[in-house]
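Novice: Below, each chain spelled out in residue letters.
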Amino acid sequence: MRPFDLLQPKTTDEAIALLARHGSRACLLAGGTDLLVEIKEGIRAPDVLIDAKHLPGMRDLVVSSSEGLRFGALVTARELETSPAVKDFYHGLWQALRELGSIQVRNRATVAGNVCRASPSADTLPPLIADGAVVAIMGPAGERHVTLEDFFTGAGKTVLNGDEIVTGFSVPKPLPGTGKCYVKHGRRKAMELATVGVAVTMTMTGDTCSSIRIALGAVAPTPIRARKAEAVLAGKKPDIELIAQCGAIAATETSPISNIRGSADYRRRMVEELVQRAITAAMEAAR
Amino acid sequence: MSERQKFNVIGKSVKRSDMLEKVTGAARYAGDLTLPGMLHGKLKRCEIAHANIKRIDTSKALALAGVKAVLTHKDVPHVLHYGSPHPRSASVTKDQYILDTKVRYWGEAVAAVAATTEDIADEAIRLIEVEYEALPAAITLDDAMAAGAPVIHDNGLEGNRVVPDMLFKRGDVEKGFAEADIIIEGNYAVGRPQPAYMEPNVCVAQWDGSDKLTLWTSTQSAFMVRGTLAEVLGLPLGKVRVLCDHMGGGFGAKQDLFQHEFLCALLSRQTRRPVRMEYSRKECFLGGRSRHPGTIWLKQGFKRDGTITARAAKVVFDSGAYGSHAPGVTAVGASALTSLFRCENVHLEGKCVYTNTPIAGAFRGYGVVQTYYALDIQIDEAAEKLGMDPAELKLKTAVREGDIAPSGHAIVGHGLEDCIREGMKAVGWKERPVGCGSAAYRTVSPADGAVRADALPHPTSKKVRGWGIGCEMHGSSAYPGIKEQGNALVNLNEDGSATLLTGAAGLGTGAHTALCQIVAEELGLEFEAVSVVHGDTDIVPWDIGAFASHTTYMVGTAAKMAAAEIKQKLLARAADQLEVSAGDLEVEGGFIGVRGVPGRGISVRDCVAPKLGIPAAHLFGSGTYMPTKSYSFGAHFVEVEVDTGTGQIDVLQVVPVHEIGKVIHPIAAAGQIEGGIQQGIGHTLTENHEIDPKTGRSLNANFVDYKMPLSMDMPDIKTIILETAPDPGGPWGAKGVGEDPIIAIGPAIANAIYDATGVRFRHYPITPEQVLEGLARRRHV
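Sequences listed follow chains A and B, in order.
Using our numbering, read the first sequence as starting at 286 and increasing by one per residue.
Using our numbering, read the second sequence as starting at 888 and increasing by one per residue.
It is worth saying that the hints were derived from the structure and are not from the lab.
Be aware that one or more of the hints could be misleading.
Computed from the model, here is a short list of chain B residues facing chain A with C-beta under 7 Å [stated by the list, open to error]:
id : residue
1  : Gly1532
2  : Thr1573
3  : Glu1577
4  : Thr1582
5  : Leu1586
6  : Asn1587
7  : Asp1592
8  : Lys1594
9  : Leu1597
10 : Met1601
Fair warning: this is a prediction, and the values are worked out from it, not measured in the lab.
Cβ coordinates follow ideal geometry from the N, Cα and C atoms, glycine included.
Build out the structure end to end from the sequences listed, making use of the hints.
Specialist: Here you go:
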């Protein structure tokens, strides 16, 4: 493995200063489950790793139905996954967390790392987008907030400047009558990269869908919202035909690639199929 | 084996002798070795499928601090070798050099580096500049067999053939087809699965002051490595010592000699320092050995009652860039079609062709996985056309006692029939829901009953289920391709314990435990009183290698013979001491007793131990056994669930029934079966080393995109092992089980998918996308 200098700042300001100083020679290290593998395999060759693990105030996890979900950038996937409130109120995220790597990986991996890596197929992104998550970013000019939906600019690319750090996330509290679901498509039941990921967060008022957000993974350079498909259902009483229409329209909103994990055509068909399944499951959960 | 024998050690799942070492991590594998001053070797691999090497510039690499040696084709012996064990046998092809002036597949090594660290060696590899003269490449079988195709090896054979085409004939196939009521014909295609052993290829080489080479390497055939290294490097056998203690799998592929083993030895000789070289996972794909991909055309004629009147086949295997086991795999795969389901009139052609792709080699199931996939599926197709239950048709046509096996032997016993019958009983085959909720997709109604209402899926569910059966038989030992030999030496120690010396490799199967059980049983000792020495060509008796499902069968018999020799000496000694006739003595649990006189006797220890002024007895035995062949049998019963919305296939349960003669270690045997099923599920559904048909580049040389089933993907497995057809050639009738379980699972899954969906697949792997396409076609019919 290529040698690197490990810097361990004790404050966020210090970390930001280090990022500014080392620029593209540096990588920020959280769980390291992706970064260290990429260094070992020669995909990345940073001279400097800036270890975020000693930064203060980034390990908090607050979750309740009244306050919503807030968690720091150093909270591990496993901590979120094992929180009963996350399972209850952010069920789509919980389902996605359980799909992320293995338990060993989740014990170290952070959601912030999953987000900043900006892989189009990352499991936690679609449910967080469907839930309207907001990213807190700290930089030399202070703090700013960006919705996760607007955070990604391309495969592996985000709005983050080189001297900025994601410090945490806030996710709105679930409205009454809300159901959530994440459906992952892969060839294996575990240890798998998504061929397609579908997250639905849906609020029902009586028989009417009062709001719905559909987020799709692995079918575009970034995770995307399927807004036209959402419009099909919003304010309507969902039935089988409407849900089928919703799936078909969602498929048209994607721009998948063909690769060894699946053809573009198959991915579109899976979006059509799995959007329907995710809506059906979210609707059932909303009741 | 008709008389019932009482066994004390065999047939029991004793605690494996290497268990503690394995679970504590103390077990030493070749890659665990660190020697003082050890250097690290790396290979430079080409990124072109077919080219002449015009120029290699190693100057920048040599100038890098820490680099101790760089080797190219100019620096290594230019000796043609077989690249595989048992040289001069009919199974392998002599067509490889350590490094050639030409490359024939994307990923072939062109140079080697030794440096003080792996990182420096990696950097040096990057600094080696190679200029190629690109040659037209033949990536696919069609490319390679086309008129005017690029010639990959100038071996005098047309059409890139590795070997002359083979023909296996019996009876009159024209007459057979003329007598048939129905004829079924189909093309089958098989993919390129990799053995994906846990332990990558790895070796450490060291030369001592007497110019003797010691190589620690992960190999199934240490003596073949010794022989080939000596031959190619121009050394006397006595100057090569090969060591292999524990292994993390081989699955047949680690019979071959790989480029790194030669180059590691040569780098070590040049630098006078130990050199370690380990393949990355990517290199295990590029430079390893896969199962042979290929195509099988198969045509069979049937009487209305299911009798098979004729079978014609054309098997074409893709050998990749070198021959390796091409002759053996082609012969074994094609000739296997003479059997399994009885047919008197057969005409089977076998062909094996070079392509500019990574090398195919020996792999668990050795050609038979491919041909029985086609054969078993086609019998399933026939059953439907004949209106018969597939299991009934397979049972009716199953080979049985006295039938001539592919090896030319008469088959012993009724193993296959027993497996089919036992499995049908165990799964309630006759009562199973036929069509299993897939009625909507079926155009042909099932022959023996309507779809049962309670088997229908939930109305909103898109999941359908189905059952399939797949059959197989496989030989223990590589006869008649190779006349094999198993050897064993056993020493009885002065405390009454015994030491077995064997050359058989331990791939991780528990073979050494089984061999110790056999010695203990024969010698009348406790299992724990027998230890084993293995994996050192300077010490243990010669061995051909651990392959062909033959270790327990062949080396087991040799070990039993060696133990029997000692037992004879031991009883003679005891007879003197006890002043009785040796014929009146028996030994059990470490005690030599006088038959019919309870309590009278002497412990083995006291019999051989030193006494005042008298040295211990020196009792030893040796066994050499040259087997012909036995056949083991299996039938797998599989239930699958197919999601008709996504095309995903879930194997829900497998009931594997295997007839393997006397079982030596039931848990180890069951472990072989479960492992074979796991690999077979992978090969049938998800595993395929994908090669870009244009460039020859590997598209998934990693475990992210080469998908093996993991524990979560495994179905329920209810293993049934039968001992109904023991073979007189194996110890107490034992036969092999190593390769069998990977053969039947594939067609069983394909047949179950058909049962569930009405879509017939004649290839592997079967992908979800293809399932959806198949379902769409079906709806349009």
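Novice: Output the indices of the hints that this structure fails to meet, ascending.
Specialist: 4 and 10
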